[in-house]
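So for the sequence shown, this note's numbering puts the first residue at 1; every next one is plus one.
If you are wondering where the hints come from, they were derived from the structure by calculation, not from laboratory data. Heads up, some of the hints might be wrong.
Keeping only pairs whose Cα atoms sit at most 25 Å apart, straight-line, the calculated DSS-like set for lysine-lysine is [unchecked claim]:
{"#": "1", "residue 1": "K66", "residue 2": "K49"}
{"#": "2", "residue 1": "K8", "residue 2": "K75"}
{"#": "3", "residue 1": "K114", "residue 2": "K100"}
So the derived label-pair ranges between C-beta atoms look like this [unchecked claim]:
{"#": "4", "residue 1": "N9", "residue 2": "E73", "range": "24 to 32 Å"}
{"#": "5", "residue 1": "I43", "residue 2": "T13", "range": "37 to 45 Å"}
{"#": "6", "residue 1": "G20", "residue 2": "A105", "range": "35 to 43 Å"}
{"#": "7", "residue 1": "F72", "residue 2": "G24", "range": "39 to 47 Å"}
{"#": "8", "residue 1": "G24", "residue 2": "Y111", "range": "14 to 22 Å"}
{"#": "9", "residue 1": "A110", "residue 2": "S37", "range": "20 to 28 Å"}
{"#": "10", "residue 1": "K49", "residue 2": "S69", "range": "23 to 31 Å"}
{"#": "11", "residue 1": "A110", "residue 2": "F72", "range": "15 to 23 Å"}
{"#": "12", "residue 1": "A105", "residue 2": "P31", "range": "35 to 43 Å"}
{"#": "13", "residue 1": "Y109", "residue 2": "E73", "range": "23 to 31 Å"}
{"#": "14", "residue 1": "P104", "residue 2": "K8", "range": "20 to 28 Å"}
{"#": "15", "residue 1": "E73", "residue 2": "K114", "range": "39 to 47 Å"}
We put the CB at the ideal spot given by N, CA and C, even for glycine.
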Amino acid sequence: MSGNTFGKNFTVTTFGESHGLALGAIIDGCPPGIELSEADLQIDLDRRKPGTSRYTTQRREADEVKILSGVFEGKTTGTAIGLLIENTDQRSKDYSNIAKTFRPAHADYAYTQKYGFR
């Protein structure tokens, strides 16, 4: 697999699946002393929040980011920043009727061809 880590001196590693318990990221290489809060990140999450337009899923997920590490009293510490977004309304069973169908505009087919499973 190509992996979920991007960058060299400043790296971002993502984890989780859209129908799993949570999504998250580890950001490494951020210098200490930069002001950072959950509210700073939440602005961008709210821009793509589910249920806000007819083009996104209509599930009402909170999509609230939690900073787990790397920030103390509103400033980065220079250690890896851990972020977590819990999937509060994930319902994999909602997709059981299309579980074996390749969906348009998704990577289902390419992923299956490349890795041999879905």
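Identify every previously stated hint that the structure contradicts and give their numbers, smallest first.
Result: hints 5, 6, 7, 9, 11, 13, 14 break, sorted rising.
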